[in-house]
Amino acid sequence: MNRTYGVLAHATRVLCLAGIALAVGPTHSVAAETARPSLTAVVASEAPKIDGRLNEAVWQTAAVIDGLQQKIPVAYGEPTEHTEVRVLYDADFLYIGVHAFDSSPNEITLSTMVRDADMSSGDRITISLDTYFDQRNGFHFEVNPLGNKRDGLIENGSESYEWDGIWYADARIDGTGYYVEIAIPYKTLSIARDQASWGLQVVRYIKRNGEEDRWASPTPEIEPFNLKGAGRLNGLVGIQQGIGLDVVPKLALRHADDGLTGDKDTNFDPGVDAFYRITPSLTGALTVNTDFGEAEVDTRQINLTRFSLFFPEKRQFFLQDGGIFSFGGLQRNPLPFFSRKIGFSDQGEEIPIFAGMKVTGRVGPFNVGFIDVVTDDYKRLADPATGKREKIGVRNLTVARVSANVLDESTAGVIVTSGNPNSKDGNFLIGADVNYRNSQFFAEGRTVVARSWVQRSDTEGLSGDQLAWGTRLTYPNDRVNWYLIAEGVQKNFNPALGFTSRRDIRNYYAGYRFRQRPSRFLRTIDHRVTGFYVTNTDNQFRSGEINLEPFTVTNPVGDKVAVTYARVFETLPEDFGIRTEGRHGETVTIPKGSYSWDRYRLDVSASDARPISARAIVTRSGFHGGERWDFTPSVSWRPSRHFLLTVNYTRNDVDLPDGDFVVHLIGFKTDIQFTTDLSWNTFVQFDSDSDTIGIHTRVRWIMTPGREFFAVLNQGLLIEDGELERGVTEPRVKLGWTFRF
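Counting from 47, one number per residue, gives the positions in the sequence shown under the working numbering.
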């Protein structure tokens, strides 16, 4: 077995070297063929009405972008449909009007009317603004032909859709195509003082052709969120942001009725959020008596591993400007700061937040973020088996992040956290990171990214071995994409306000992907090989994989077929138990020792651009001396723009020497969209691990951007001895009303 692990380690090293050698392909880039376009905005003589029509005389005076260029399928090619963009501005708003001509308007692909939902399954227009004109950070806006909106932040070439700003848009479809009309208040944006020129990128997606048309840099090597590829919008003078104060009073009413214990509780919680623009590029936020009852519930997961599961943040206060706190390019493990640690216990119970403050933005060349939150007194569930609770008391939790912009696209920074939300023991963490990015590597549009970071925690009662470190080199480009990663986490490293699923490890990862774009009918063929090798800090082998993906084939509309083979190796230092057949089931024990097996996977999906879409993933593999089958089908049905039904199912069938078991996970979701501002969503989930059903249904009414009403019902159901018992019934209503000054 040691020889096998030696071969695996050697293969990983070879893969790393191959990634470097194969990265350097042809260095010619067509992005150099055309200079960046520019446009001078025109002052609006009167404010247009945002109704998606563009029929007012003021639009005829606007600056015009008369046509885009194709990025996909043919870089710098002639688009199949013409697009006309008009730009106006006044002291308070930037106005953008788009006429997306279409020779077959009945074939325009309509996606969703759900606010902030992914609209990539249909036609859409996107606008990106570099308001600092630093080619690093900006704002992103999307509108589809139904008038639905989505927005986000651009941060050093990456998008973050968690930001939610106040802006206005509408759209109309007619016999010539469709119109999009947008008004963006300057109060919503962070703007460099006295900056009369912004970066601007306009993109049109035509789903039925798999086509992407751009105003600037229409080449696959430059992603739409790379603001170095944006054009230039000039002439923005005399704009105003007011005093920069938003006050949002909120009223929340909650009732909880536990059908198992008979306990009942009713709470009326008035609260307030306030946002003040300290400078045009720095914002302070204050929240008092915070309620997150309108947040979506987590999608359930089944854990058949020895490590903690990761659930993403969904609360708007923490999502807003959350990218400021990103560190070293880390997505999950080991994160120095993970905002879900604030307001939730380690058992997932909600912890009341009394008050919190946040400062985010830019000061000169520095990106700054600061959060300070006070959580209320609560009793932590210390032992789920016995129900024993431990009083934690009021906690003060703090995180500070500063990074400096260096070179053209790079940053260097530090992060500090203080406080422990789940223990009376003190905790402190400090980290530093350097992030190098060059999007003109070898040729314009070829990007290389190098990152290094180090973290050290200091936990009361622990001494030594509290360090974590990492370094990575990536080449994230269209035709060739590879990465090399090395990370280490010592056994006592404890980011109390962060997230780590494994300690006492050293990780080595490598991957290489080569992409072909053979024709209009077969859009991409990807060939991929990846691997990882994990030891403990004493260099004793723990786990590893070699993954071979001979092909992933995608057509223009988005249908996909992928085949993967993997060779898996794992050493268990101690016995590992998996509970079977529900919460009262027996435990199947996997003995400590060394294991290896093969894994085969088939992934087939039909594009969600159609009224009926589907996906099926079938995986057959060994599993710690036994066998495992995973089957994950999902189906979506969209009979009209107003209704979407999605059903997901996962079945894990495991056969082990110590016993067999089957795990089921079912999700049923409906989205009813009466208008783009009024929706009713329901999500029903069941898993056989907990033998519970969760029902979450929510009505959201956006009366006007910034003024919203929510009505939510959470219902828990418990399956006990084949009978269905009612758990907690929890209705909530919440009203938020923004006042802008």
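Simulated from the structure, these hints should not be mistaken for lab results.
Idealized CB from N, CA, C, for every residue including glycine.
Be aware that a few hints might be false.
[To be verified] Derived pair list, reagent style BS3-like, types lysine-lysine, alpha-carbon separation capped at 27 Å:
hint, residue 1, residue 2
1, Lys-470, Lys-434
2, Lys-425, Lys-470
3, Lys-310, Lys-437
4, Lys-638, Lys-296
5, Lys-310, Lys-434
[Unchecked claim] Distance ranges between label pairs, derived from CB positions:
hint, residue 1, residue 2, range
6, Phe-787, Asp-511, 49 to 55 Å
7, Arg-435, Ile-658, 18 to 24 Å
8, Phe-314, Ile-658, 17 to 23 Å
Of all the hints numbered above, which does this structure not satisfy? Sort the numbers upward.
The structure conflicts with hints 4, 7 and 8, although it agrees with all the remaining ones.
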